[in-house]
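Protein chains in written order, with our numbering: chain Z, 1 to 106; chain A, 1001 to 1408.
These are computed hints drawn from the structure, not numbers from a lab.
Ideal placement from N, C-alpha and C gives every residue a C-beta, glycine not left out.
Treat the hints loosely; a few may be bogus.
Stated by the list, open to error - With a straight-line Cα cutoff of 30 Å, these simulated DSS-like cross-link-like pairs (lysine-lysine) come out:
no., chain 1, residue 1, chain 2, residue 2
1, A, LYS1049, A, LYS1218
2, A, LYS1112, A, LYS1254
3, A, LYS1030, A, LYS1090
4, A, LYS1146, A, LYS1218
5, A, LYS1361, A, LYS1388
6, A, LYS1090, A, LYS1026
7, A, LYS1049, Z, LYS69
8, A, LYS1254, A, LYS1030
9, Z, LYS69, A, LYS1382
10, A, LYS1056, Z, LYS69
11, A, LYS1146, A, LYS1231
12, Z, LYS69, A, LYS1388
13, Z, LYS60, A, LYS1056
14, A, LYS1049, A, LYS1115
15, A, LYS1146, A, LYS1115
Claimed, not checked - The calculated label-pair distances, taken between Cβ atoms and stated as ranges, are:
no., chain 1, residue 1, chain 2, residue 2, range
16, A, HIS1121, Z, ASP54, 51 to 61 Å
17, A, GLU1314, Z, ASP54, 25 to 35 Å
18, A, GLN1097, Z, ALA56, 53 to 63 Å
19, A, GLN1338, Z, SER66, 30 to 40 Å
These are the residues of each chain, in order.
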Amino acid sequence: MATVTFIDPAGTAHEVNIENGTSLMQAALDNGIDGIVAECGGACSCATCHCYIDSAWVAKVTPPSSIEKDMLECVIDPQDNSRLSCQVFVSDELDGLVVTIPQAQY
Amino acid sequence: MQQEHCVIIGGSHAAAQVVSSLRLNKWEGKITIVSADAFLPYHRPPLSKSYLSGEKNLEEILIRPPTFFERSEVEVILGTRVTAIDRAAKKVHLDNQTDLPYTKLVITTGAKVRKINIPGHNLPGVFYLRDLNDVDHIREFLGHAKDAVIIGGGYIGLEAASALRSLDMNVTVLEALPRVLQRVTAPEVSAFYTRVHGEEGVRILCNASVQSIDGKYKVESVTCADGQVIKADLIIVGVGVIPDVELAEQAGLKVDNGLVVDEFARTSDPDILAAGDCTFHYNPIYDRHLRLESVQNATDQSRVAANTICGKLEPYRALPWFWSDQYDLKLQIAGLSQGFDQVVLRGSTETGRSFAAFYYKEGRLIAVDAINRPREFMACKKALAEQKTANPELVADESVDIQDAFQP
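Please construct the entire structure, taking both the sequences and the accompanying hints into account.
See below:
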């Protein structure tokens, strides 16, 4: 279980408790947090669940696959700490994680 | 003043998105979903993939958890059908003998499977693959089966073949047309899929129309039109779907190849909207009417419907796109390739498992099938939405970055 803070496109912070094994994408959708579109439902096929992982946490999340990396190149405003939130899964180690949601997914 | 009440008929992708979008827009009216399904809205794509193979369970494929519907103050009536829409009185009749009044109605009934009517089609062991119940029944049967025959070489058939191979079953796909995926892809792509399925141990037979399903108490074999008999103790039929427009037709709404909606998802009744697999709608990028069978259309059109309900008229003009996962192949399709007159390949279909097929019509790019080529897919999705084309020579040249191939 981890407490994760999502900062939505309007800049509002939402603190959410997430069960281990749940993706950040699913947690955002489940909690009605704006800005994660997730068209393909987590199949790593649409790149509309783009998020920025707070730099203090980038090394603590499991690294992206090559498919995810290719998809990330094409999101709006990719940064070094960009991830597809459907590919980042919560564990106890991520307690306190801060995730920022971009202004637009497409 | 009467409170607004949005009733949604159907409980799948479109219904879940209408709800999400209404509440994100801060719409405060009452919302009720009436679904014939016994479960909350769940993702359909995994049914022919990870749910069929047993990798995922229901909880893992729900589109939203139960708490979402509670928090959003949405009533979900499950296991219940709407029997009629009374447009004059603005209410729907349910099969539990109650009525639900509405101020806005959204029809998201989706599509029903096309059925085969050959001898033996009712034998135990013959399954369609459309909803969760179908796959639960297939999964129960898997324990007693070793030889699967899949009738239909479209996406459902090929995805199911891949899932069943991961369970070590013997799998044969029977396709009536000369090649698999004929309706939706170029011959080179069909050939690629046939090769990879072959490498994975699936037998694909084309020009193979099934004449009968044979067996005494349950499925034992199928007989093809050319006389070939193939052993089978499990059959999955995937031969397409038809839009579920019965209620709409009975209510006098305009129906063509699907329930007709305008660019704001409105039917011929100003208080009734529709979204998803059941609709027939105009697409400005392709300048023709379409009926799409995809998650993308369900979710994008549902956003439009919700916006319309909220008084925000934003026309539907999304680029159709689609994906299919089989083995280690991620196919991502941007655009619609029907009517193509030229195909340009980037990479090889004959070896390896990574290439992209660019479809052209009258010299302009209309679609791309990208297999394990997410960069090509994402670049084309953006370019096609902007109605750009791509220089075929640059596309075919892998030393040229795909981003440099596009032009107005």
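- prompt: So which of those numbered hints doesn't the model satisfy?
  reply: Of the numbered hints given earlier, the structure breaks none, since each of them holds.
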